[in-house]
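According to this note's numbering, numbering within the sequence shown proceeds without interruption in unit steps and concludes at 260.
Please keep in mind that the hints were generated in silico from the structure rather than gathered at the bench. Because the structure is a prediction, the values reported are computed rather than measured. Check each hint, because a few of them may be wrong.
DSS-like cross-link-like pairs, simulated, lysine-lysine; straight-line CA separation at most 25 Å [what the hints assert, rightly or not]:
# : residue 1 : residue 2
1 : K148      : K216
2 : K219      : K200
3 : K148      : K200
4 : K219      : K148
5 : K200      : K216
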Amino acid sequence: MQQFTFEQMIDETLCITGYDGDEPEVIIPDDFGGVPVTMLGDGIFKGHPEITSVRIPDAVVFMGGFVFDGCVNLHQLTLPAQLRDLFQYTFVRCGIEKIELPEHVSSIPPFAFKDCKQLRRVVCNAGLQRIHAWAFQGCDALTDLLHSAETEVSEQAF
Numbered sequence: 103m104q105q106f107t108f109e110q111m112i113d114e115t116l117c118i119t120g121y122d123g124d125e126p127e128v129i130i131p132d133d134f135g136g137v138p139v140t141m142l143g144d145g146i147f148k149g150h151p152e153i154t155s156v157r158i159p160d161a162v163v164f165m166g167g168f169v170f171d172g173c174v175n176l177h178q179l180t181l182p183a184q185l186r187d188l189f190q191y192t193f194v195r196c197g198i199e200k201i202e203l204p205e206h207v208s209s210i211p212p213f214a215f216k217d218c219k220q221l222r223r224v225v226c227n228a229g230l231q232r233i234h235a236w237a238f239q240g241c242d243a244l245t246d247l248l249h250s251a252e253t254e255v256s257e258q259a260f
């Protein structure tokens, strides 16, 4: 069984603030009572190694810190097309192997993918402006980082 806690935001959308469950496949509802989910709060799936997949609603535009911390069996994740912002440590210590960043994400913050030991491939959108220092710190298997020539990549990104 999957249970979510949420908080209504000032714009009358919802932020998922907690998760309780033990299923490998997580499905985040598009809405609760007709109110759309647009944010994933800090640490909601932290410490859930049983998770192998997460379906994120298309309306999600923000993902907080430590959202997938320790989800070592989460190997692939499709991010919502409307996603704009990631926070530091969003994917820290998770098992993703490849990921594609949607067109509205303009930067990869510090430590976003820290210690993702199985991460091999990252495909960035054409609008990505900056990859910050330490974004991929400890990503020892990363061999493919595809981005436009205009993307500013910190010398300390890895």
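Next pair to validate is K148 with K200; report whether the Cα-Cα distance is within 25 Å. Holds - the C-alpha atoms of K200 and K148 are around 19 Å apart, at most 25 Å.
Check whether the Cα positions of K219 and K200 lie no farther apart than 25 Å. 11 Å, holds
Given the hinted pair K200 and K216, is their Cα-Cα distance within 25 Å? 14 Å, holds
Agreement of K148 and K216 with the hint, judged by alpha carbon distance not exceeding 25 Å: 14 Å, holds
Can you confirm whether the C-alpha distance between K219 and K148 stays at or below 25 Å? 17 Å, holds
Checked against the numbered hints above, the structure breaks none of them.
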